[in-house]
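Visitor: Chain by chain, the residues run as shown.
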Amino acid sequence: MNMLLQELDNMVVYSLIIINKAGGLVFNRDFNPALNKISVNDLLVLAGTFHGVHAITKSLTPSSLGIPSKERTGIEVLESSQFRLTCFQTFTGTKFLLFTEPHQPNVDTIIHKVYELYADYVMKNPFYQLEMPIRCEAFERGLMSYIRAK
Amino acid sequence: MVVYSFYVFDRHAECIYKKKWAPRPGSSSRVPQPNGVSDDQPQSKALSAEDDAKLVFGTIFSLRNMVRKLGGPEDNFISYRTGHYKLHYYETPTSLKFVMVTDTKTNNLRIVLHQIYVSLYVEYVVKNPLSPVEHPEGAGVNCELFELGVEQFVTASLQN
Chain A
1 MNMLLQELDN MVVYSLIIIN KAGGLVFNRD FNPALNKISV NDLLVLAGTF HGVHAITKSL
61 TPSSLGIPSK ERTGIEVLES SQFRLTCFQT FTGTKFLLFT EPHQPNVDTI IHKVYELYAD
121 YVMKNPFYQL EMPIRCEAFE RGLMSYIRAK
Chain B
1 MVVYSFYVFD RHAECIYKKK WAPRPGSSSR VPQPNGVSDD QPQSKALSAE DDAKLVFGTI
61 FSLRNMVRKL GGPEDNFISY RTGHYKLHYY ETPTSLKFVM VTDTKTNNLR IVLHQIYVSL
121 YVEYVVKNPL SPVEHPEGAG VNCELFELGV EQFVTASLQN
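Protein chains in written order, with UniProt numbering: chain A, 1 to 150; chain B, 1 to 160.
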């Protein structure tokens with residue numbers, strides 16, 4: 001029992017959400033039950049809200065900085081007292097949201113590895129329809145073995 | 001560290017204080033285009049200070065609710081960072097919201113915002129008998145001492 005608890009303590013990636021370029025939820029997986037369980041409906045709302053907020057934060061870039069609109073970025077890291085949310089946006093507009101423990105190091109590496117898995121198992125899957133929910137066993141298997149090994 | 005702006009919102013989502021700081025001379029990274037075309041998009045120019053405050057409130061409101069939903073009612077939204085700026089957030093138990101926008105290298109400013117609340121807002125605004133409790137028409141904090149205090153606080157203790 002103690003071993004099991006320790007193992008749970010060591011896993012610090014809470015969950016992964018993938019949002020397509022239109023703000024729709026295409027994938028979500030919980031790895032650690034530290035965060036509240038929320039219904040799929042609420043999760044869809046969350047994905048849409050985050051998509052909108054991401055766009056607003058991009059336009060909130062102080063104009064005195066003189067950064068051209070193309071180079072502005074939206075939220076990259078969000079911190080709360082219980083978790084940290086790292087957002088990685090690909091060039092095509094897909095967003096990867098990784099919820100981790102507040103002090104988890106190397107989140108960038110993890111998120112890039114997840115992107116790699118996505119590119120390999122989802123985008124190269126001939127049966128995958130773009131912008132649709134991801135139902136791909138190989139991707140989930142790869143994801144699980146990578147995150148669990150952390 | 002560089003402070004870009006500072007906002008205070010009351011519990012009715014009204015922006016009761018906002019202040020923007022101009023960048024220090026020479027710190028602007030704007031480069032004139034060779035063909036003489038400005039790279040600023042007109043849409044961002046059209047944003048007035050009021051629009052900015054509304055957008056900031058919308059953002060922190062959504063993010064706060066998102067954080068509460070995921071982390072439980074005791075969880076607090078602290079800050080977010082984009083590639084170019086960082087927004088710090090502090091909410092008092094009475095739902096007053098303090099927001100400060102700084103450069104990305106700044107550490108957590110929660111304590112600083114708490115200090116502004118305790119030593120400036122409470123001292124000069126709450127304890128001022130002439131200061132309105134509610135701000136129905138966006139009257140805002142009309143208190144010279146508070147404004148002076150914030151100004152001094154930011155220029156002296158932060159911009160070094």
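I should point out that these hints are in silico values taken from the structure, not numbers from a laboratory.
Check before you lean on any hint, since a few could be wrong.
[As the list claims (entries may be wrong)] Pulled from the structure, derived: some chain A residues nowhere near chain B, Cβ distances all over 12 Å:
1) A22
2) E76
3) E79
4) S81
5) R84
6) Y115
7) P133
8) Y146
[Stated by the list, open to error] Heads up, simulated DSS-like pairs for lysine-lysine below, C-alpha to C-alpha not over 27 Å straight-line:
9) B:K105 to A:K58
10) B:K19 to A:K58
11) A:K70 to B:K54
12) A:K58 to A:K70
13) B:K69 to B:K20
14) B:K18 to A:K58
As the structure is a computational prediction, the values presented were derived from the model and not from experiment.
Just so it is clear, CB atoms sit at the ideal spot from N, CA and C, and this is done for glycine as well.
Visitor: Does each hint fit the structure? Answer for all of them.
Guide: Cross-check of the supplied hints:
Every CB of chain B lies more than 12 Å from the CB of A22 of chain A, the least distance being 18 Å, so the non-interface label holds. A beta-carbon of chain B is positioned within 12 Å of the beta-carbon of E76 of chain A; the least distance is around 6 Å. A Cβ of chain B approaches the Cβ of E79 of chain A within 12 Å, the least distance being about 5 Å, so the stated non-interface status is violated. The claim that S81 of chain A is not at the interface with chain B is violated, since a C-beta of that chain comes within 12 Å of its own (minimum 5 Å).
The claim that R84 of chain A is not at the interface with chain B is violated, since a C-beta of that chain comes within 12 Å of its own (minimum 9 Å). Every CB of chain B is more than 12 Å from the CB of Y115 of chain A (nearest about 18 Å), matching its label as outside the interface. Non-interface status of P133 of chain A relative to chain B is upheld: no Cβ of that chain comes within 12 Å, the nearest being about 21 Å off. Y146 of chain A, annotated as away from the interface, keeps every beta carbon of chain B farther than 12 Å; the closest lies near 23 Å.
Between K105 of chain B and K58 of chain A the alpha-carbon distance is near 18 Å, which keeps this suggested pair within the 27 Å criterion. Of the supplied pair hints, the one linking K19 of chain B and K58 of chain A holds, its CA atoms being roughly 20 Å apart against a limit of 27 Å. With a CA separation close to 23 Å, the supplied pair K70 of chain A and K54 of chain B stays within the 27 Å bound. A distance of roughly 10 Å separates the Cα atoms of K58 of chain A and K70 of chain A; the hinted pair therefore holds under the 27 Å criterion.
This hinted pair does not check out: K69 of chain B and K20 of chain B have alpha carbons roughly 32 Å apart, beyond 27 Å. For the suggested pair K18 of chain B and K58 of chain A, the alpha carbons sit about 20 Å apart, so the restraint of at most 27 Å is met.
Comparing the model with each numbered hint stated earlier shows that hints 2, 3, 4, 5, 13 do not hold.
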